[in-house]
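Asks: The listed protein sequences derive, respectively, from chains A and B.
The opening position of the first sequence corresponds to residue 1 in the numbering used here, with each subsequent residue numbered one higher.
The opening position of the second sequence corresponds to residue 1001 in the numbering used here, with each subsequent residue numbered one higher.
Simulated from the structure, these hints should not be mistaken for lab results.
Just to be clear, a hint being listed does not mean it is correct.
[What the hints assert, rightly or not] As a list, the in silico SDA-like pairs of lysine to any residue whose alpha-carbon atoms are at most 20 Å apart:
| hint | chain 1 | residue 1 | chain 2 | residue 2 |
| --- | --- | --- | --- | --- |
| 1 | A | Lys93 | B | Ala1137 |
| 2 | A | Lys154 | A | Arg64 |
| 3 | A | Lys93 | B | Asn1052 |
| 4 | A | Lys179 | A | Val194 |
| 5 | A | Lys93 | B | Gln1054 |
| 6 | A | Lys93 | A | Leu72 |
| 7 | A | Lys93 | B | Gly1049 |
| 8 | B | Lys1038 | B | Ala1058 |
| 9 | A | Lys93 | A | Arg164 |
| 10 | B | Lys1038 | B | Glu1061 |
| 11 | A | Lys93 | B | Tyr1126 |
| 12 | A | Lys154 | A | Trp97 |
| 13 | A | Lys154 | A | Gly132 |
| 14 | A | Lys93 | B | Arg1139 |
| 15 | A | Lys93 | B | Gly1138 |
| 16 | A | Lys93 | A | Glu228 |
| 17 | A | Lys93 | A | Glu75 |
| 18 | A | Lys93 | B | Arg1135 |
| 19 | A | Lys179 | A | Gly199 |
| 20 | A | Lys93 | B | Asp1136 |
| 21 | A | Lys93 | B | Ala1055 |
| 22 | B | Lys1038 | B | Arg1064 |
If you're wondering where the values come from, they're calculated on a predicted model, not measured in any experiment.
Single-letter residue listing:
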Amino acid sequence: MRTLLSRTRAAARVPDALAVEIDANGSPVTIDQATWFICFVPGLQRQWWHRFAHAQHRHVFAIRWVRDDTWLLVEPWWTRLMVNVLSFDEALKFLRWGAAGHILEVAESIPGRGSQARGWSNCAVLASFLLGRAYWTWTPHGLYRRLLADPTVKPIELSEFLARHCRQLAGSSADALPKAAPPHERVPLDQALVELGVGIMTAATSSSAISLYKAAISESARFSAAAEAFWQHGPHQALRQICQLLEAANARGELQLDDCAMAARQFLAMLRGDLHLQLVFGLRSAPGAREIGAHVASVVAVFLHGARPVRQAPPAAGASMHALAC
Amino acid sequence: MLTKSAYFPGPAEPAFPRAPSSSPGTGIESLRCHVLQKVAGALQEASHGATNIQAVVAGVEIAREQITELFGDFGALVDALVDSLVLTMLSPLQECESEEDFVRRLTAFGRRITDPYGLVQQRNLYRIALTEAIRDAGRGQDLYARGPGRVLNGLTRFLADSRNAGVLLQGESRQLASHLLALLKGCSGLDDSFPPEEWKDSRPSRHVASVIGQFLAGVQLEMRHANPAF
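Full structure from sequences and hints, please.
Replies: In structure tokens, the structure reads:
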């Protein structure tokens, strides 16, 4: 519900510059209630107070998925309050730390019942304050027990969450790939490969896809279901579409491939090439449409025609490549 | 005209060296070489998802102090392993003397990239490097430059030099180098380091000659250029 600040301006003597609309809670923008992962964790480095704390719950921090490749981290240090935006691969390192203890999914309260006058602000108190809770607890484990008693709070099993999350993100990228033309619409092979290649590279070079790829490679041994979900809903979909194109061209006699699956794998590897490596290792930002187009055109040219100069137009279908090459 | 034998040379190339290429000299160098061999062997054995070098080293009972004494820190140990692999891979890419020599050198290079012994090391080092890149973006950039970037540069230089010497190639040398490396990765399972069971061929280097042929001629049926380069 919105009200106009100007209605109260006369009584409060608010300057014109502050005559902004506010909502029922006094905020200039109404922001939906967010859901946080509250992570109760063992310490990464020895601290003097650890002897007084629960072994698995020596510290607490909060992290939440905002959108695509954007995660928000709030971690109270002894010396500061760290608030940072992270990519998925970075967030996963914190989630893994969380999984060493316990992770609870908690909806924040708006406007909340916490108080700035609460006093000594350790990590448990600050996390409680972030959630708008008025708990009188001083330790991470105390906060954990209070939250666990709340029926709206859910414990999170990280490997299940990651598998779901990876499936969702990779699936949305795969859905964006161009659909194969119907059989009656015969598109030249090079054009079809370029169109598909541009779709694959546009999806594969987004910041979200790069983070997902890095996380899947780095954590594949620990979270194999998530890596598998990424593989099945990401690269595997791309491979299947490339393979279908190559098999159709093989059947028409334009190609003479013994193993279309292997050729599809090679084509996908060429599409990624050094461009993908540079993105993965953080040497550059995502390429624009023009750069992707030029890259894919070069890949298709070498994949189909090789690095040697081509002399003539293709001969009749069915001729042997070896016979022509020798 | 380029002959079939030039496109598909025989298997007379040296296998991937089983030890890092640094030659033992002084006592320290000899010790470094010994430790590199042991860690390379451990990387070879670590078939399931090594993501940090400390864990790999712990498995071969080398003291942390020895690593610090010989290399400085674990990061420098990773650097030394990467350097060793890269030097081994690039060594066939010397100046070529003829068209056939060009293809032979490319094939030798391809065999080193796809040799089963080096592949597992590459996969594990890639995963370790990528994990370090997530933790520290600057470190990731350094590792790219030291590893994949150096291999790409070396191959680019070789293609450009060969072209200057008369080998007929079309396209920009760096792009061609990227395409060839990708083709080799595609045939060896290096393009994706997971799921590990996806790749079943234990001898990918058998395919290298045909991959070099594919790189030069493409997969579409068509007429090739008839003029020999030399």
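Asks: Now tell me, hint by hint, if it's right for this structure.
Replies: Okay, the hints, checked on the actual structure:
| no. | hint | verdict |
| --- | --- | --- |
| 1 | A:Lys93 - B:Ala1137 | holds (14 Å) |
| 2 | A:Lys154 - A:Arg64 | holds (14 Å) |
| 3 | A:Lys93 - B:Asn1052 | holds (14 Å) |
| 4 | A:Lys179 - A:Val194 | holds (13 Å) |
| 5 | A:Lys93 - B:Gln1054 | holds (17 Å) |
| 6 | A:Lys93 - A:Leu72 | holds (13 Å) |
| 7 | A:Lys93 - B:Gly1049 | holds (16 Å) |
| 8 | B:Lys1038 - B:Ala1058 | holds (11 Å) |
| 9 | A:Lys93 - A:Arg164 | holds (17 Å) |
| 10 | B:Lys1038 - B:Glu1061 | holds (10 Å) |
| 11 | A:Lys93 - B:Tyr1126 | holds (18 Å) |
| 12 | A:Lys154 - A:Trp97 | holds (18 Å) |
| 13 | A:Lys154 - A:Gly132 | holds (17 Å) |
| 14 | A:Lys93 - B:Arg1139 | holds (17 Å) |
| 15 | A:Lys93 - B:Gly1138 | holds (17 Å) |
| 16 | A:Lys93 - A:Glu228 | holds (19 Å) |
| 17 | A:Lys93 - A:Glu75 | holds (13 Å) |
| 18 | A:Lys93 - B:Arg1135 | holds (8 Å) |
| 19 | A:Lys179 - A:Gly199 | holds (10 Å) |
| 20 | A:Lys93 - B:Asp1136 | holds (12 Å) |
| 21 | A:Lys93 - B:Ala1055 | holds (17 Å) |
| 22 | B:Lys1038 - B:Arg1064 | holds (14 Å) |
In this structure, none of the earlier numbered hints is contradicted; all agree with it.
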